[in-house]
Each structure stands twice: as C-alpha cells, then as structure tokens.
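**Student:** Listed here are the chains, written in short residue letters.
There are 2 protein chains.
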Amino acid sequence: MTNLKAFQDYYPEAFGHCFGCGAENPHGLHIKSYWNDDANDATIAFYTPQPYHTGGYPGYVYGGLIAAILDCHGNGTAAAAGYRFHGRAMGSLPALRYVTASLQLDYLKPTPMGMTLELHARILEVTARKVRMELWLTAAGVVTVKAQMVSVALPPSP
Amino acid sequence: MTNLKAFQDYYPEAFGHCFGCGAENPHGLHIKSYWNDDANDATIAFYTPQPYHTGGYPGYVYGGLIAAILDCHGNGTAAAAGYRFHGRAMGSLPALRYVTASLQLDYLKPTPMGMTLELHARILEVTARKVRMELWLTAAGVVTVKAQMVSVALPPSP
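Protein sequences appear in the order of chains H and S.
Residue numbers for the first sequence follow my numbering, beginning at -8 and rising by one.
Residue numbers for the second sequence follow my numbering, beginning at -8 and rising by one.
Among the hints, erroneous ones may be present.
Said to hold, decoys possible - Which chain H residues stay away from chain S? Per the calculated CB distances, all over 12 angstroms, these:
1) Asp32
2) Gly105
3) Val133
4) Met140
Claimed, not checked - Partner residues aside, some chain H positions facing chain S, computed with beta carbon under 7 angstroms:
5) His8
6) His44
7) Gly46
8) Gly50
9) Ala58
10) Asp62
11) Ala92
12) Asp97
To be clear, the hints were calculated from the coordinates, so they are not data collected in a lab.
Idealized CB from N, CA, C, for every residue including glycine.
Given the sequences, and given the hints that come with them, work out the whole structure.
**Tutor:** Below, the structure is given as structure tokens:
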C-alpha cells in the first residue's frame, strides 16, 4: 500500500455515489482498495462491519454485506487493472468504470463480528472489455469466503 | 400471498437480527418473503431501494444491495422449504434456520432506481441439510439479475 490514494478516490464525482464504495455517498460503506505490495497482480481493502451488520447467525457477519464489499473491491480492482492494461494513469479521462457481470460466492465458514476484515483480489485475466478475478475475505488470518468475479467496462462517458 | 405473515416473521427473536431480513434490526433492510400463490415451489418478496442505494452507474441500483436482498430472500425461502420438507409448522421449535453456502449472481442488465423490485425464488431441491434454488430479480417486469443459491441448515439451537 505505497499509494495512500485508493482506487475509488480516482473515480470522477459523477461515479462517486456508489453505496458500497463511493466517496460522495454519505450513507455508504466507503470501501477503499489498494494494490497489495506483496504481489504484482493482487489488491487489498479493509472493512470493519458495524454492530448492526450481523447475519442470521448471532455474532457473525451478514453474508449479504460480504457479497457487497467483495463486489465493490472487485470493481475497484477491475478499474485499476483496466487503467494498467491500457497504459493509462489512474483517474485519467474518459473514466474507466466497471460493473459486475457475474459474482460467484462460496461461504466456507462463518465470518466473526468485531474485527477488521481483509478483502483480497487477484487478477486472473484482463481484456479490453472485461477483468476476471478471484477474491477472498479473511478474518484474523482465516479465509472465510472465496469468490470468482467478472467485471465489464462501461462505455466511455464524457 | 394468502399468508400475510412473512417467513422472516416466524424467526425466533434470537435469529431476528439479520441486517438484511431481521425484524429486530432497526438499521436493516427488512426483506419479507412469502409463498407465491402462482406456483407451488416459488416465493416472492418486494423491496424498494433507498435513493442512496445507487451503484457506480448513476440511476441504477447498487449490485451489492441486489446480492444482499437476493441472499436474504433465498435463506428465507430455504427456511420455508425446510419446514415443509420436515412436515413442520413454520415457527415451530427448534428453529430451522439456513445460511448461504454458495451464491452465483449473473447481472444481465442494469436495475433502475425509483421503483419496487420483485425478488423471486424457485426451489429446485430440498434435502435434510440443504436447499438449492434459482432466484431472479425483476424491475417493471424485466429480469435484470439471475442467481443460483445453496442454503444449508444450521445445527438445531434451543
């Protein structure tokens, strides 16, 4: 995490309203994603669930929240991967923004409440139109959820 | 929807704190699921996203929210299917509660903001331990997201 500016902080204001990761959304979760210095093709984000983000299983995190934060970390990662693929500086215009085409989540074990979770992504494939990734979530070093994701680039906007 | 009491309203208080569908969670989304009278094996829920539930694509619903509400509709459906499979009355104790084992989402097209969404599930397979379903979301009658889900029963609690 040598760069303290998150991928999402490069989004133009018009794209900054995402509930999961938009800096402009006062009600949102504000996921912030970074390159992981430990690997060339991997990214990382951190999130501490609120006490009300519990799931049906008391003491554990709501699975829907996990889906949401992995989704945002994946689309942020896709944007970073897309800018790199095209040899462009992060944040240069027109904005490169991605949306989820598919997300496959495998909940391996309950994710405990009361700690900061790590969200990881590894880039598997980048083309001009899409980014394919594997993602995983760890709680106290234990992988509790794994995911596969495909993000597709939106048409360029002004 | 002949029965006005939702699946989630049968959850014991201890299981009612889920952010997505718990009646006891004041911060939550309060998803409520019902049998769909049009089919023996299908369920339905309705949800109107809040204005701040926008995604990265302006005017459209946040994909993470869609994952969350489908997840809760699926687990509510699994509980109803489980009670029926075991020939038990909804809400009888010990509580039959389900958690997500896997969720595969395909975002077919953007889901517009500003309307009530319909969440659908169809039960494909029920065993003593799990329920397999297909789910889909419609906005103004158009299917925008499809999903496959496996929910597994939690061990019985007092």
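**Student:** Indicate, hint by hint, whether the structure satisfies it.
**Tutor:** Verification of the supplied hints:
{"no.": "1", "hint": "Asp32", "result": "holds (22 angstroms)"}
{"no.": "2", "hint": "Gly105", "result": "holds (14 angstroms)"}
{"no.": "3", "hint": "Val133", "result": "holds (17 angstroms)"}
{"no.": "4", "hint": "Met140", "result": "violated (9 angstroms)"}
{"no.": "5", "hint": "His8", "result": "holds (5 angstroms)"}
{"no.": "6", "hint": "His44", "result": "holds (5 angstroms)"}
{"no.": "7", "hint": "Gly46", "result": "holds (5 angstroms)"}
{"no.": "8", "hint": "Gly50", "result": "violated (10 angstroms)"}
{"no.": "9", "hint": "Ala58", "result": "holds (4 angstroms)"}
{"no.": "10", "hint": "Asp62", "result": "holds (4 angstroms)"}
{"no.": "11", "hint": "Ala92", "result": "holds (6 angstroms)"}
{"no.": "12", "hint": "Asp97", "result": "holds (5 angstroms)"}
Of the numbered hints stated above, those contradicted by the structure are hints 4 and 8, listed in ascending order.
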